[in-house]
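There are 2 protein chains.
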Amino acid sequence: MTLSVPAPLVPPARVLLGPGPSDVAPSVLRALAAPTVGHLDPYFLGVMDEVRAMLRAVFGTKNTITMPMSGTGSAGMETLFVNLIEPGDRVLVGVHGVFGGRMAEVARRCGAEVVTVSAPWGREIDADAMRAAAKGQRFDAIAMVHAETSTGVLTPLAPFRALADELGALFLVDAVTSLGGVPIDVDAHGVDAIYSGTQKCLSCPPGLAPVSLSERAMAKLKSRKIRPQSWYLDLELIGSYWGSERAYHHTAPINMLYGIHEALRLALEEGLDARFARHARHAKALAAGLQALGLELPVPEGSRLPPLTLVAIPEGIEDAPVRKALLQRYGIEIGGGLGDFKGRAWRIGLMGSGSTPRNVLLCLGALHGTLAAMGWKAKGDPIAAAIALLG
Amino acid sequence: MTLSVPAPLVPPARVLLGPGPSDVAPSVLRALAAPTVGHLDPYFLGVMDEVRAMLRAVFGTKNTITMPMSGTGSAGMETLFVNLIEPGDRVLVGVHGVFGGRMAEVARRCGAEVVTVSAPWGREIDADAMRAAAKGQRFDAIAMVHAETSTGVLTPLAPFRALADELGALFLVDAVTSLGGVPIDVDAHGVDAIYSGTQKCLSCPPGLAPVSLSERAMAKLKSRKIRPQSWYLDLELIGSYWGSERAYHHTAPINMLYGIHEALRLALEEGLDARFARHARHAKALAAGLQALGLELPVPEGSRLPPLTLVAIPEGIEDAPVRKALLQRYGIEIGGGLGDFKGRAWRIGLMGSGSTPRNVLLCLGALHGTLAAMGWKAKGDPIAAAIALLG
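So the sequence lines, in the order shown, correspond to chains V and Y. Residues 4 to 394 (our numbering) make up the first sequence, in order. Residues 4 to 394 (our numbering) make up the second sequence, in order.
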C-alpha cells in the first residue's frame, strides 16, 4: 500500500445557489472548529439542551422529542418511518417529486403497504386527491412533502391534518427545504412527525437531521409490537440520551452540534418572521429578474417555494455547459434538474445566509452573462427588475 | 414560543483521555471550518477520491467499497448488518463487552438468527470457543470486535478467517477503536466487512463511519433476495455516489469529510508503523505509571488495547468524584466503566493526536493528585515509571 499523501485541502470559496448545501455563515464555520469536548461532558449536555430549545422554536412546537439526528436529512426521513411504521401498516404518500417517491420507498422497506397519490412535478400535492385515493379506508400514516426540493413547490400543510383525522392516521411531513426559510408551525398544523436537514435554510453544513415528534407519534412508537428495524435511529434509545437520563447510545457528532447551535442562534436572532420575509422578498426579486431575462418558471406563482426556484432551460440552451460556466467563471453553483426535470430545468436556491440582495443580483448577472455568450437575448433588464423588488 | 436566544458557544479546551472522542489536531479543526462546497462539485469529487484512497491505506485493503458512511461508528455497525444480513440468516457473534452485544442486537433487528458466544469482560474472544458453539453448522456471518471499547481488550484477527471459512461465513469486524491506532490489515486477515469511527485513533470529531467491504461481501449484497431494510445505509445506492457514477443519494456531510481528509493525511504523513509504535509506547508508559500509583489493570498485558487502558477503581475510592475532580480541576476527561465495569473501572484513552508523552505525564500527575486528595497512597513514583518507558 504505497500512496503519496495528498496535500492539505484548500477548498474554493463557492457561492452556493443550488438546492443545498447553501452558503454557511462565517460564525457557523468558526463554531465547527471549536475544541471538541466529550459527548457526556456537562458542558456538552448544556449545548444539547440549548439546541433542543432553539429547534422547538424554529419548528414551532412544544414537542419533547425534538432534536437533530446524527445523519443527513435522509436519515431524518428514515427515522420517522422506521420508528412509526410497523410491517403491515398502511401508509398514504403524496408523490410530486423525488422526495415523495423516496418516502414511499422508505416506507416499503419498513414493510408498509403503501398507497401513493401523484401530482404532476411542479404542482402541489392535493389533499382531496389523497382523500379520494384513501377511499375512506383506515391508514396508519399519511406523508407529504412540505417543500419539494426537486421541483421548488411549497404545499400548504393546513388541509392534511383534517385528512389524517378522517383516516385515523399520523401526519408525517418532509420539511427539508422549508425549516428556517418558510413558516412551518408544527403544533398549529397538528403535524405528528417532521424531519429536516441542516444544509438548506438553516445554512449549516450537511450532517444533521432535525426531527420532531408529537405525543401521538410517541404513543404509536411506544405501542409497537416489534422494535424498530434500525438500532441507530431508534428514537426510544436516542431519546434517553437527549432526555434527562443521558443514557449513552452513540457518540454524538459534537462539532456538527456546535454548528447547528450557531445556525439556530442566527435564525432566532434575526427573528423568524423577518427571516421568512427575507426569503420571500429575495425569491420574488429573483423571479422577476429571471422573467426579465426571458426565462420561464414552471411552478405557478402561488405554489413557489421561496428558498428554491425552478427555472426552465430554454430551447436551444444546453444544461451542463451553463452550469459549468457559472461554476468555472463565477464560482457559482446552481442545481440541475432531477427526475422529470433532468436536463429541462435548473434549481436556484436562495437559502438561509445565501438569501441576500447580493446573491440575487450576482446570480442574475452571471446567468445573463453566461446565456448571452451562448447567443441568448434577454427580453428586458433582469437587474432592474430585481432591484425594483429588493426594496 | 418566546425563547431568549442563547449566547454563542465558547467550549472549554478539554484534554480528552476517555474512550472517545479523542483530542482533535488543530489542523483537523481548521479543516472543518473550510468553505462548504456542493456535494457534486468537481472539487468535492476529488476530495472523495482522496479520502477513499487514504482510507484504503489505513485499513490495509484494496477493497473498492471503502468509504466513510454519513453517521457515527454505530451507523457503520448497522451498515454492515443491514446490507449483508437477510432475514433468516444465521450469525455467530462473539460478545465480551458492550459492542459485541450491540452487534448481536443489530443483527437480530435484521431478522437474523443469532448465536452469541461470550467471554468474560476484560478477556479476548476465543475463536475456538466460537468454533465449538457453531457445532459445525452453516453460518452466514461471524462477527467479532477487534478492539472492545468497553473493556480495552484487543483480540487478534488471525484465527477468525479460518473459522469463517469452515462455516462458509462472512467475517465481520468492529474496528472502532483500532483503526489508525493498531495494525488491522484487512486484506491480509481476509476480513470481509469492517467498520470504524473517526473519533478514536483518527482524532477527527465524531460523525463519520469508515467501512470497507470485500468482493465476497459485495457478492452477498448483490445476491440479496430483498432490498436492505435501510435506504439511508444501502451500500449499492451509496456506492453509486462514491463510485464513478456519482449518482445522487444523500447530501454528503461536506465539512466532516474535510475533517477526515486531514485526519487521514496526518496519519499517513506520520507513517502507520510509527503511529502504531507511538500508541504502543505511550500505553506501556501509562500502564507502568498506573501500576506505580498502585492501581490494577484488569486486562492481562498481552490482551491490552494500546489506545484504551482499563484501570480498576481501588477499594475505598468512588468513581464519580474522581472523574469530576479531573474534569473540573484539570480539564481532563477520562471515561467511566460500562456494563460489568460500571463503577468498577475507568477507561483512559491515549488515541491519535492524544497519544503523547505530555498526556501520559499529565494524566498520571492529575490522577495522582486527585487520588492523594482522597487519601490514596501511591506505591511508587508514577512519573518516574512512565518516563523510563517514554524513551
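Wrong hints could be hidden among the right ones.
It does not matter which identical chain is meant; a pair holds if it fits inside one copy or across any two.
[To be verified] Keeping only pairs whose Cα atoms sit at most 35 Å apart, straight-line, the calculated DSBU-like set for lysine-lysine is:
(1) Lys-287 - Lys-225
(2) Lys-287 - Lys-345
(3) Lys-380 - Lys-138
(4) Lys-228 - Lys-287
(5) Lys-228 - Lys-138
It should be emphasised that the hints constitute simulated quantities derived from the structure, not laboratory data. In this text, all values refer to a predicted model and were calculated from it rather than measured experimentally.
Query raised in the report: When the hints from earlier in the document are held up against this structure, which numbers fail?
Result: Per hint list: 1, 3 and 4 violated.
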